[in-house]
Amino acid sequence: MDFINKAYGQVVDVFQSLTLGARITSALLLAIVVISLAFLFRVQVSSGDEYLFGNREFSNSELAAMESAFAAGGLNESEIKGYRMQVPRSQKNLYLQALNDANFQLEQHGGFENSAIVDSSSPFVTDKQREFKNKAAREKELALIVKRMRDIDNATVQIDEQRKSGLRSEVEKTALVAVQTTGGRALEGERVRAIRETIAGAVAGLDSKNITVTDMQTGLAYRGMSADGMPLASDSPYATHKNQYENVWKEKILRHLSAIPGVNVEVNVELNPQLRNEEISRKIDGKPVSVAIKESTKGETTKGAARGGRPGAVPNGVSNTAASLVETESQRSESELTENNSEQRLLPSTDHIVRTTAPLTPERVTASIDVPQSYFHKIWMRDNPPVEGEEPKTPQPTDLKKIEEGVIKKIEESIVNLLPSVPPGVDPYPQVVVTTYPDMPIAAPPAEDMVAQATTWLGGNWRTVGMILFGLFGLMMLRSMVRSAAPEPSEEEAAARLSDPAAEGDEDDDEEKEETNELKRRFEQGGPNLRSDLTQLVTDDPDAAAAVLSKWIGDAA
Numbered sequence: 001m002d003f004i005n006k007a008y009g010q011v012v013d014v015f016q017s018l019t020l021g022a023r024i025t026s027a028l029l030l031a032i033v034v035i036s037l038a039f040l041f042r043v044q045v046s047s048g049d050e051y052l053f054g055n056r057e058f059s060n061s062e063l064a065a066m067e068s069a070f071a072a073g074g075l076n077e078s079e080i081k082g083y084r085m086q087v088p089r090s091q092k093n094l095y096l097q098a099l100n101d102a103n104f105q106l107e108q109h110g111g112f113e114n115s116a117i118v119d120s121s122s123p124f125v126t127d128k129q130r131e132f133k134n135k136a137a138r139e140k141e142l143a144l145i146v147k148r149m150r151d152i153d154n155a156t157v158q159i160d161e162q163r164k165s166g167l168r169s170e171v172e173k174t175a176l177v178a179v180q181t182t183g184g185r186a187l188e189g190e191r192v193r194a195i196r197e198t199i200a201g202a203v204a205g206l207d208s209k210n211i212t213v214t215d216m217q218t219g220l221a222y223r224g225m226s227a228d229g230m231p232l233a234s235d236s237p238y239a240t241h242k243n244q245y246e247n248v249w250k251e252k253i254l255r256h257l258s259a260i261p262g263v264n265v266e267v268n269v270e271l272n273p274q275l276r277n278e279e280i281s282r283k284i285d286g287k288p289v290s291v292a293i294k295e296s297t298k299g300e301t302t303k304g305a306a307r308g309g310r311p312g313a314v315p316n317g318v319s320n321t322a323a324s325l326v327e328t329e330s331q332r333s334e335s336e337l338t339e340n341n342s343e344q345r346l347l348p349s350t351d352h353i354v355r356t357t358a359p360l361t362p363e364r365v366t367a368s369i370d371v372p373q374s375y376f377h378k379i380w381m382r383d384n385p386p387v388e389g390e391e392p393k394t395p396q397p398t399d400l401k402k403i404e405e406g407v408i409k410k411i412e413e414s415i416v417n418l419l420p421s422v423p424p425g426v427d428p429y430p431q432v433v434v435t436t437y438p439d440m441p442i443a444a445p446p447a448e449d450m451v452a453q454a455t456t457w458l459g460g461n462w463r464t465v466g467m468i469l470f471g472l473f474g475l476m477m478l479r480s481m482v483r484s485a486a487p488e489p490s491e492e493e494a495a496a497r498l499s500d501p502a503a504e505g506d507e508d509d510d511e512e513k514e515e516t517n518e519l520k521r522r523f524e525q526g527g528p529n530l531r532s533d534l535t536q537l538v539t540d541d542p543d544a545a546a547a548v549l550s551k552w553i554g555d556a557a
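Residues 1 to 557 (the UniProt record's numbering) make up the sequence shown, in order.
Don't take every hint at face value.
[As the list claims (entries may be wrong)] Cut-off 25 Å, straight-line C-alpha distance, at most; resulting in silico cross-link-like pairs (SDA-like, lysine to any residue):
| hint | residue 1 | residue 2 |
| --- | --- | --- |
| 1 | K378 | T394 |
| 2 | K250 | T361 |
| 3 | K128 | R163 |
| 4 | K164 | E190 |
| 5 | K173 | E190 |
| 6 | K242 | K164 |
| 7 | K409 | Y429 |
| 8 | K81 | N55 |
| 9 | K252 | A358 |
| 10 | K401 | E190 |
[As the list claims (entries may be wrong)] Simulated DEER-style distance windows between Cβ atoms:
| hint | residue 1 | residue 2 | range |
| --- | --- | --- | --- |
| 11 | G54 | G219 | 34 to 40 Å |
| 12 | L418 | A358 | 17 to 23 Å |
| 13 | R364 | T240 | 16 to 22 Å |
| 14 | M381 | M476 | 20 to 26 Å |
| 15 | H352 | N247 | 19 to 25 Å |
In case anyone wonders, no lab produced these hints; they're calculated from the structure. Cβ coordinates follow ideal geometry from the N, Cα and C atoms, glycine included.
Let's have the full structure, built from the sequences with the hints guiding it.
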């Protein structure tokens with residue numbers, strides 16, 4: 001607390017010792033310092049920028065809607081950078097509020113179908129209206145999916161169906177996809193195929209042959225099949241496999257020759273046109289083989305007495321006669337039946353072999369490679385570095401030709417091993433053709449104008465430069481204020497300072513002490529240089545000179 005009181009007292013003493021002009025100047029300087037600090041903090045806060053919605057990329061239609069919303073809200077500090085919207089961080093809430101006021105909605109997957117479900121939940125909506133809303137929502141959803149593909153700015157999808165009358169009720173579905181590309185690019189065959197397969201996979205019962213893709217940039221339409229009902233060339237299995245194989249070998253060769261700058265590689269692949277190749281072989285052996293044996297056995301045995309008694313008078317006679325204990329033949333009965341069947345099926349022995357090979361396989365692969373001639377010059381310079389202190393040598397055409405032949409031979413030998421093998425006895429080297437081409441000189445880009453660079457730099461850093469100038473101006477004003485605040489010395493102090501230079505040594509440096517001693521010696525010695533010394537003293541310190549002259553005049557009187 002004592003330190004604060006002392007500092008406050010010193011400030012008050014300094015301020016009271018100032019003149020009226022110095023006080024006004026100090027007040028203005030203080031105001032400038034306060035305003036400068038406020039401006040500095042404001043610049044620091046407003047200079048930070050931020051991308052909306054987590055650095056997300058927007059379509060051109062979304063960016064246009066966002067700019068319209070910002071213009072309606074009076075916000076003009078936004079900037080589009082690479083399909084992203086950048087706004088000041090300190091005003092981010094204002095920009096979001098402007099988007100909300102304009103009912104701006106991000107294009108999100110599933111949003112259209114969800115809104116259609118909500119709108120169709122009303123009991124007053126008919127089945128026809130519900131079906132129409134769902135169809136429109138699906139078209140918007142598919143258009144958004146296509147729009148999210150690379151190099152596609154906008155897309156529109158229309159789906160229609162037609163019921164064919166007859167015994168069998170069939171529904172034929174067709175679709176149209178209109179695509180707007182970015183940068184004036186034309187749709188590639190792979191991209192057209194991807195769009196067609198995407199739409200066909202999202203709509204049940206829709207054949208990819210019934211989908212037409214229209215390129216709005218070039219005005220070309222790509223139908224699923226030609227006018228004669230045949231598939232397009234881009235949809236041919238042969239063309240598709242050929243393109244894939246060529247890309248694979250081209251990338252493989254480019255990776256192998258990546259050490260050669262400016263090398264060009266093109267590959268041609270010839271395929272086996274058979275879509276299916278199946279071989280079945282059967283070998284019949286003379287010895288038969290039993291494939292089925294059938295055996296059956298059937299037996300029947302019956303034993304028992306004959307029906308009725310003994311015929312004649314003996315059993316029907318007087319009961320007092322003797323009875324026979326021996327069984328007669330007519331009293332025994334026995335029956336037995338046995339049957340055995342055996343059946344065997346014989347077939348000749350055979351070997352059944354089925355072989356199926358992969359379709360559309362490469363039969364012949366050729367590569368064309370172009371090497372820049374500057375590569376041979378670099379090799380010669382590497383093998384013949386210039387001697388220090390001497391001018392670099394120039395390669396002779398024969399030397400470059402020798403290097404060229406060696407490089408071409410190495411390339412042919414290495415690339416042949418990457419291609420499919422040829423039948424024995426066939427020369428494999430015609431598969432690789434290596435040529436050279438002269439490098440065209442590339443014009444150096446024009447040097448940028450220093451004035452334009454300075455203007456651009458000043459346009460982006462004018463606030464910082466302004467703050468530096470404000471700080472320098474404040475320091476200059478503070479220096480002038482401090483110098484003007486120093487009290488003027490009295491006559492006695494000036495005379496004492498002149499007569500006793502050691503007394504002011506605590507305030508001045510050694511150089512000022514030496515100069516004062518020199519003046520004193522000159523005044524004491526006198527001489528013809530007294531006038532020039534007095535003139536120099538008046539120039540350096542007029543107050544001290546006036547005090548000295550007054551003291552001398554007073555002493556002389």
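To see whether the hints hold, each was checked on the structure:
no. : hint                     : in the structure
1   : K378 to T394             : 11 Å, holds
2   : K250 to T361             : 17 Å, holds
3   : K128 to R163             : 16 Å, holds
4   : K164 to E190             : 33 Å, violated
5   : K173 to E190             : 23 Å, holds
6   : K242 to K164             : 39 Å, violated
7   : K409 to Y429             : 10 Å, holds
8   : K81 to N55               : 10 Å, holds
9   : K252 to A358             : 22 Å, holds
10  : K401 to E190             : 42 Å, violated
11  : G54 to G219: 34 to 40 Å  : 37 Å, holds
12  : L418 to A358: 17 to 23 Å : 20 Å, holds
13  : R364 to T240: 16 to 22 Å : 18 Å, holds
14  : M381 to M476: 20 to 26 Å : 59 Å, violated
15  : H352 to N247: 19 to 25 Å : 40 Å, violated
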